[in-house]
Each structure stands twice: as C-alpha cells, then as structure tokens.
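Following the hints, complete the assembly by docking chains B and C onto the known chain A.
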Amino acid sequence: MFTHPSAPPPTPASGAGAALTRRRLLRHGTAAAGAVLAAGPLSGCASPAAADASALSVWDLFQGGDGMLMDDMIKAVSAGPEGFEVQRTILDWGPSYYTKLAMSAAGGRASDVAIMHLSRLAGYAPGGLLDPFDLDLLAEFGVRRQDFAPAVWARTQHDSTVFAIPLDVHPFIVFYDKEAADKAGLLDSSGELAPMGSPDALLDAGKALAEATGQKGILFGHVTDTAQTWRQFAALYAQTGAAFSLPDGGPPRIDVDAAVRVVTFMQQLFDGRTNPNNLDYYGALAGFLGGRGGMVMLGEWELPTLKKSGIPLGAAPFPQVFDKPAVYTDSHAFVLPHQKNPDPARRRRAHRYVAEMVKQSLTWASAGHIPAYQPVLAEPQYAALDPQSSYAGAAEVAVLDPPNWFAGAGSNFQNRMCQPLQSALLGNTSAEKAVRQMVREADALLRQPNPVA
Amino acid sequence: MSATATPLRSRRRPPSAAGASSLLLGHGRLPRVLAGTALAVLTAVWLLPFVWAVATSLQSEQDAASPGLSPVKGALTTEAYRHILERGNVTVWAFNSFLIAGLVTLITVVVSTLAAYGFSRGTFRGRRVLLALTLAAILVPPQMLIVPLFEQMLLFNLVDTYAAVILPQVVAPMMVFILRRFFDAVPRELEDAARVDGASELRVFLSVVLPLSRPIVAAVAIFVFIGAWNNFLWPFIVTNDPDLMTLPVGLATVKDAFGIQYAQSMASALLAALPLIVVFLFFQRRIVDSVATTGLGGS
Amino acid sequence: MTTTAPAGADAVSGPAPERTGGLRRRGLGRIGRRGGRTSHGPGLVFVLPFSLVFAVFLVWPILHGLWMSFTDSSLALRDTTFVGFDNYAEAFGDPDVWSSLGNTVVFTALSSVPLVLIALAMALLVHSGIAGQWVWRLAFFAPYLLPVTVVTLIWTWLYQPELGLANQFLDTLGVGPVGWLSDESVAMWSIAALTVWWTVGFNFLLYLAALQSLPSTSYEAAALDGAGAWRRLWSITLPQLRRTTALVAMLQILASLKVFDQIYILTKGGPNGSTRPVLEYVYDVGFTGYRLGYASAVSYLFFALVIVVSLVQLRLFRQED
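Residue numbers (the numbering used here), protein chains in the order written: chain A, 1 to 453; chain B, 1001 to 1299; chain C, 2001 to 2321.
Chain A on its own, in the form it takes in the complex (with noise of 0.2 angstroms):
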C-alpha cells in the first residue's frame, strides 16, 4: 500500500493506481456511517473530496500498454517539486466508460479530470456536462493554444469556448514489414513507405506485398468489430475531398457517388485471394505478427504490441490513394466533467495536472501516439522515436467523426457504419447497397431528437 507510516516526507504520496489507504478507507467509511445513521436519510455524504481532500480525481480508459504509460506519467507529474496526490481510476473503453462519464457529470460530483476522444466532445459540451477550460490559467502554466496543430484545436471547441485539452493525436496508419517493402519495390531513397497517389498503386502494392512474402500482402481485421471497417472507410471517403456531415433531424450529408467509390475501392482491395476480407481485429495483428503478410492496417496504438515482434517494422501515414491528403485520426483529450460545485484551488490544480501531463507526452509517443502538444515534436527525443517520427505529419491532415452527440469513437454510430461495411467486404452485400444501408443508418441517427441540443 502507499502507506508513509513514519515521518510522512514533504513530497505527497505518488498516488497512481487507484490506491485506497485502510486511514482513507476507516475515515471515509466511518464519516459516510455516521453522516446516514445521524444526519437522517436525505443528507447527502463522502463525496469523493471528503474520502481525500487533496487527491485530484482522474479518469481514463487505458489498460496494457497505454495504461501502464499513464501510470508512469502520473507518476511523474505527482512527484514533481509541487506535486500533488492523483487517484486513478480506469474504466473500460468504449461505451461503458462513457456512460459512466455522463452520468457522474450529471450527478454533480464528477471526477477533476477525465479523459475523452475529441470525436466525442460534441455529445458532452453543449449538454453541460463538461466545464470551460481558463485558457489564461493554463498558460501560466506553460500550456497555450498555439501549441496545438489546428486541426486538432479545431475540435477543442463548443460555442467557440474551450472544453479539451488535446493529449494526443492517434491516427489509423499502416504498418509494413521493411523487408518485404523493400523486397517488393514500395520504399523510396530514404528507406521510408513511397507515397502511393492512386488505387491502382495501392491495389499494386497490395500484390507485390504478397509475392514478397509469399503469402498474403495486406492485412486488416474488422470481422464483429465495431470501429474498423469505419476507420478504413472514413479514411478513404476523406481523401476523396466529397463533405460528410450529420445536420440534426436528417438526412445525412454525404456524397453517396464518393462513398460507392471507396466501398467498392476497399472490396476490390480486400479481395480474398491478395488481401483476406475475414480476418477479425485480433486476427489481422497475429497475421502480421507471424509474418504471413507484409502490411497491416491499424490504429498507431498498436505499435508496442508490434514493435515488441522484431520485425523490421515500418509505419506511415494511411497511404493517400485519392485527390486529397488525409487521415483518420482521433484524439485523446483532457476534459473537465461537469462539477456542481467546483473548489477553485481544486480546478486549478486540475489545470496544472493537465498543463503537466501535456508536456509529459514524451512519454506517451512510446505508445505510439503523436504528441498533441507540438513542443514535444520539435524536441529531438522525438524525432529519434522510430518509426513514431514517420506519421507525425498525419496530425496536419487529421480528419475526425463527423461532430454530432452520437458520433465518435466507441458511439453506437460507429458501431452501425460498421455492420453495412462489414457485410459489403464480405461479399454479402453490393457497394450500393451497403452505402444506402449506411445512410439510412445515419438518418435514423439523425431523425431522434437531440438530446444534449
């Protein structure tokens, strides 16, 4: 236990790990017995601050790799010169944790800080759940918006108010095998993935890959998975240039033209023989872990699991095939949920946890992520980071959900984009009528009334 049972040092407990003392927990327990026995049933008590007045509350949804990273950065922050108690709490990724986000802010005795993907910020701003940032307070701390790539800080924003603080950017890239890339013609002078610029090159890549191997050539897992074939998709439909928006009440905006386009492109390219249409995710990694395909395409969070493997290990930016450079991308924020009853001396600590743990992203770009914080890129640590270095430029062209309440990353949105998706790659289903089944997913969405409006 994080215990200092003898001459307690100046320097606070490093509290990462959601570490509870037998001193917390007598004084809590007893506090909350007595606040229910005594003060009558409707007296509210043990809010979070009265279990440890001084441990900033955190939340976030990292296990394994990332999750041991975030303990490692809380860690470091905690035990700075003016550090400070944190209990972390970790919640499973996805909707559960997002759930769990809500409903503690709209109970009023939510977490100081909590992690969110920017995808998701338009589903917890405008409803009030989550606090303004001081922008004012956070540079005193060192933290200013120019130090954010603007199409992340794009996202930061509700009614032109900032609401998240950008942790990191995570795109959706390709990883390759550097012998067989080279094997099979597809690296330029430097060593590095040569741009691809059209689906034939792509198509083309995918075929040498295969020789090379002489197996598969790339791989990609999204049987029953619920995020995937949307990655891959919204990757694609990007780079067409063609506008995709989700106005309340419906219909979806999107160019149905560009979106049968990419589909069909993503059935050609996944065709069965070159490239496997059924790998599932978990599939797909140990495929390329065990060699029997020379690419693979994920989210750069992987890259640990990857990198452990010894292969020679490439990775770029999602190869751009169509008219315009972009890439898929999502972003791990920090956020404030919303608190009844903020202690301003908390608050700021909260803001100099974030301010802290931004500069900290170091750190974090071991995990693969790209830095949010565009300091950290310049350094020359990061530019050392290999292959990190080499999809840094992805966070220029992010390009994220489509903003609306249900969207983003582990919503109910991407898992319904996914089904149609799924069934076209397949082959149970045409383009056409995956790209129709999608709309109509999507209008759906639309037509419920908006709850956080």
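Hints in this document: simulated from the structure, not taken from any laboratory.
One thing to keep in mind: the hints can contain errors.
With beta-carbon atoms standing in for the labels, derived distance ranges [said to hold, decoys possible]:
(1) A:D248 - C:P2095: 16 to 24 angstroms
(2) A:D386 - B:L1069: 37 to 45 angstroms
(3) C:Q2240 - B:L1030: 22 to 30 angstroms
(4) B:V1041 - A:P251: 36 to 44 angstroms
(5) C:A2246 - B:L1212: 25 to 33 angstroms
(6) B:L1212 - C:D2183: 54 to 62 angstroms
(7) C:I2307 - B:L1212: 35 to 43 angstroms
(8) A:D271 - C:I2307: 49 to 57 angstroms
(9) C:V2186 - B:R1188: 26 to 34 angstroms
(10) A:P312 - B:A1040: 53 to 61 angstroms
(11) B:S1070 - C:D2183: 48 to 56 angstroms
(12) A:G393 - B:S1070: 50 to 58 angstroms
(13) B:R1286 - C:I2307: 31 to 39 angstroms
(14) B:S1070 - A:K183: 41 to 49 angstroms
Quick look at which bits of chain C chain A covers, simulated, 3 or more residues with Cβ under 8 angstroms [stated by the list, open to error]:
(15) 2074 to 2085
(16) 2267 to 2277
By construction, the Cβ of each residue, glycine as well, lies at the ideal position given by its N, Cα and C atoms.
This is chains B and C only, laid out in the frame that chain A set:
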C-alpha cells in the same frame, strides 16, 4: 472449506433423511445407486467452476495464461491475492457492501415489520387503501424504475452518495406481505391481555408480538441482506465514484492498468465470494429456512 | 414481558428493549395509545415510515417515470419539453425495442425450463436421503450467494476462447473452439447455462422445503401396495409438487424477465445485439444515449410485458387450485 464445515455435518443431518430415503427410493439397490451417481455428477458439475477458479487464482499470471486442461499448470503461489489486497480496492468495496447491505437490512426490517403489524392489527382509516397499494406494488419490477429513480437522485442531489444507494432499496412490499401474513396468524389474545394491562401499542408490539416473530423477522432479514449484498443494477446506476461502489459494482466497473489478468481476477472473485459463503457455512439452516419461507411467500 | 404498571407515562419506562431512544419511544407510545382509545390496535404511525419510503421511492418514481415517458427528458443538463405520445410511437417502430423484448423472452424460455427441472431433480435426489446432505446443499446453493460479478468473472474465464476450460475440454475431444460469448447463435445459450448454475439453488431450496413438508401417509400406502420407486415418484411425489412447481415457475419466469446484470457484464448485449435484453436497452438509450424520456417509455413497455405475464400466470395458478 471442508474444515469449517465438518462439524455441521454431524449436527445437521436431517433427522428425516433416513425415513425419506425409504419413502422416495424404496429398499431396492438400483434406484439408490442411480440416484447416488446422479447426485455425485451434478455436484461435481456444480463445484467444477469453483475448483477451476481456485486453482487459477493460485497460479502465477504466466502459468494461468498458458493452455492446458489441468487447472494447475505451475507452482502454487498466493501472489495474485497479495496484489489484490495491496491495491485495496476489494477491501473498500467489501466494506461498502457490508455497510450498505447492513443499513438496507436494518431499515427494511424495521419499517416493514412495523407496517406489517399495523396492516395486520390496525383499524385506522386508509388502511385498506394503503394495504391494497402495497400489495399491488409487488407486481412492479423495481428494475423498471431505474430511469425515474436516477432522475430523482439528480433532483435530490444525491447521485454518488451512500444514501442514494440505500434508500430506494428499503421499499420491500413483498416483505410487508410476508410479515403481515405471519402476524395475521398470530392469536390476538396475548396482545389484548397486554392492552388491558395498559401497555402502549408500541410496547405491545415490542414486548409481546416481536419476541414471537423472531424466526420470521430473521428470515426476512437474511433474505433482504442477501438481496442487497448481491444487488447490482441500482448501485451500478447511482455510483460512479469507485470509493462508493459495492463489491459487484466495483469488480465489474473498475479496471486495472495492466489489463485482464486471470489469476488476479479469479482471486478477487473468490475474495468477494468469501464473506457470504462463510456466513452460509455457519448459518446454513437459518439461511435455508429463510429462503424457503420468504421465497414461498410465507405459504 | 407484559407489564402490570398502571396506565400513564410511566407505563413505557419499564423494562423496554434498549433499541429505541427514550424520546421516540414515549412519543410513539402516546400516539399509539391515542389510537387505541378509539379502536384497539396499532395506529397509522406504525405504517407511516413504510408509507413514506413507499411514496417517495416507489410511487413517486412510477408516476414520474410515466410523466417522463411523455417528455424528451435528457441526461444532459437542459430543459425538458412535453412531446405527447412521440416516445411511444417511436418505440413501437423501433426494431431494437422488439428485438430486445424478443431476446428477453428467449432468455426467459432458455433459462426458466432448466431452472425448474434441474432444481426439481436436485431436490428429489437430495431428499432421497443419500448421506452427505450438507455437501449437496452447499454445492447447489452456494452459487446463489455469489454476487453477479463473481459469477461473471469465473465464467468469463471458463468461456475464454483460447485458455478457458470449456474450449480446452473441447480441444481434447478434437472439437474446434466455440465462441461461447462471441458467436451470435451460441451466446444466449452460454448466458442461460451460467444463469442456471448461478441461481438454481434458490428453486432447489423451495422444492426441498416443499418435499420435506409432504405427508408420508400416502407413501406408506404405496409401499404396502409394493409400488416401485418410479411409480412412487410419478404417482405420488410429483403430483403433490404441482402447486410448488407452479409457484416456482411463476417466480422464475418473473425473475428471468428482469435479466440485466449478467448479460450486461458479460457481453454488453452483444455480439451484434443478439443477447441484449430490454432492460439493457433501457440503460443503453437512457444513460448511454442520454434519452431518459424515451427510456422511460421503453420501461413502460417492459412493465406491460411483466404485467401481462403475471396476470396470465395468476390465472393459470387459480385454475390449478
């Protein structure tokens, strides 16, 4: 487990068992062998998940995550338990579970017993209407109320407090019904004698009626406690702060930075299972009776 | 324990149980007596605490939920407007409402039948008096005492695709791995199996209690007739258990209709919505999707289902009598 339970065996063998056996199975050998085999198989199937969980919890994470049909794949270690106890979450949640289930039981029993007695003996105006409403409410599944109850807690500003977890759980029309049926069957003569002696109604209730009803009150208390201890949905809805969560909610909601670790998840499951299993070993007869009486609605 | 003290304030200061505080005791006593003057018996005061929690935490939510179902009430902090029957109209046209109601009914069927039959078999076997009573009781009833998350943690591990006991066992038989929780056609069965393991002990105890209260006279008559064990089971024991069976089935069906916990924790209603019960749909649209008003409307549809099932059962139950 077996060590604690052995004394029970000698004490608790139902006196009727031998007689019942001849009644159901007769004196033939074959039915007896068949029944014995079926019982052994069923018991093995029912115990297997426990055995597998215990074995996994006593492995290192690496051994637990290696394939094989044998549950024990490497050296035994209590590492997983040490990790869980060091992190402290399970201890906090167990404390919350005891506090919440205890208070829910206390309030429910007091409130329901008083009401049941009032309904059984009272002649005040509105009694019939209140009683009819209470009985009708047995049909209402509390689960359907999660949305308005959450809204109510928002209104009272109680989300993320113990009060919010406890209060909606203390309304138990079924328990009022069971207790009232019991009181209805208790003869009034004793009470009336006390009343003639000038005892107040509360005094009559506390010193005449309550001592007679100890078994049924205990049964209701046990039943309510088990229900509150294992309740998931409502505590899950109304607590977001991990420091306020009960065992089932905390275990299901809060994750570990390392991701899924099977030995540790089995260890925490078993630690969470322990309190009520131990209680059961000590109060087997009581608990069995309480489920039988309250479960059958007092009939 | 009856007191012979004269009527008056002193009557309550005798050897009363220590639990109640002096002030409160005297207050209640006086009110109780005042009620007693007009009619012998406890007054409204006895019913008051219950009535209070009943009104605040049951009646109020029932009525407020009904009101909410006619509004666009949201989890987000904004004003609510009345929308008439919009939510109900939407719910009737919402395929997810119907599929989740359907899943609820399927789960109820898949779980209730074995939960009644296996419980009966267990109770008969245990009641046959084979030595080791406490072992059988512990084995069959102990899972019922486990919090749901303990059950799901253990079974997630048993159902784990690569390392779990279930697939390891199939592997030794040379049968391919089964996606216990990831295969749409299997997941609901897996959940039903877990539920049977978890809760059968309750029904088992109800049956056991019923068996122990059966009169032994008819058995003695049958024994004299030389009826075999099977005959006795079919023509004496089971007919006498009809009422119990009706009751157990009724309680079980109502309990199964309310399924949420284990499904939410194990599959979140997946894969692809194939296991999502209606209560999870309420949670999903109400809390995950913020639409509390719409979720209230769906809750009332669920309530309608429960009421219909209850009334049908009561009717059948009455006919049995």
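Hint check:
1. A:D248 - C:P2095: 16 to 24 angstroms: 22 angstroms, holds
2. A:D386 - B:L1069: 37 to 45 angstroms: Holds - the Cβ-Cβ distance for A:D386 and B:L1069, about 43 angstroms, lies within 37 to 45 angstroms.
3. C:Q2240 - B:L1030: 22 to 30 angstroms: The hinted range 22 to 30 angstroms holds for C:Q2240 and B:L1030, with Cβ atoms some 24 angstroms apart.
4. B:V1041 - A:P251: 36 to 44 angstroms: With a Cβ separation near 60 angstroms, B:V1041 and A:P251 fall outside 36 to 44 angstroms, so the hint is violated.
5. C:A2246 - B:L1212: 25 to 33 angstroms: 31 angstroms, holds
6. B:L1212 - C:D2183: 54 to 62 angstroms: Holds: the Cβ-Cβ distance is about 56 angstroms, inside 54 to 62 angstroms.
7. C:I2307 - B:L1212: 35 to 43 angstroms: 36 angstroms, holds
8. A:D271 - C:I2307: 49 to 57 angstroms: Distance hint for A:D271, C:I2307 holds at roughly 54 angstroms.
9. C:V2186 - B:R1188: 26 to 34 angstroms: 59 angstroms, violated
10. A:P312 - B:A1040: 53 to 61 angstroms: Since the Cβ atoms of A:P312 and B:A1040 sit about 58 angstroms apart, the hinted range of 53 to 61 angstroms holds.
11. B:S1070 - C:D2183: 48 to 56 angstroms: Given a distance of about 26 angstroms, which is not inside 48 to 56 angstroms, the answer is violated.
12. A:G393 - B:S1070: 50 to 58 angstroms: Distance hint for A:G393, B:S1070 holds at roughly 52 angstroms.
13. B:R1286 - C:I2307: 31 to 39 angstroms: 35 angstroms, holds
14. B:S1070 - A:K183: 41 to 49 angstroms: 45 angstroms, holds
15. 2074 to 2085: holds (count 6)
16. 2267 to 2277: Our answer is that it holds, as 3 residues pass the Cβ test (under 8 angstroms) against chain A, meeting three.
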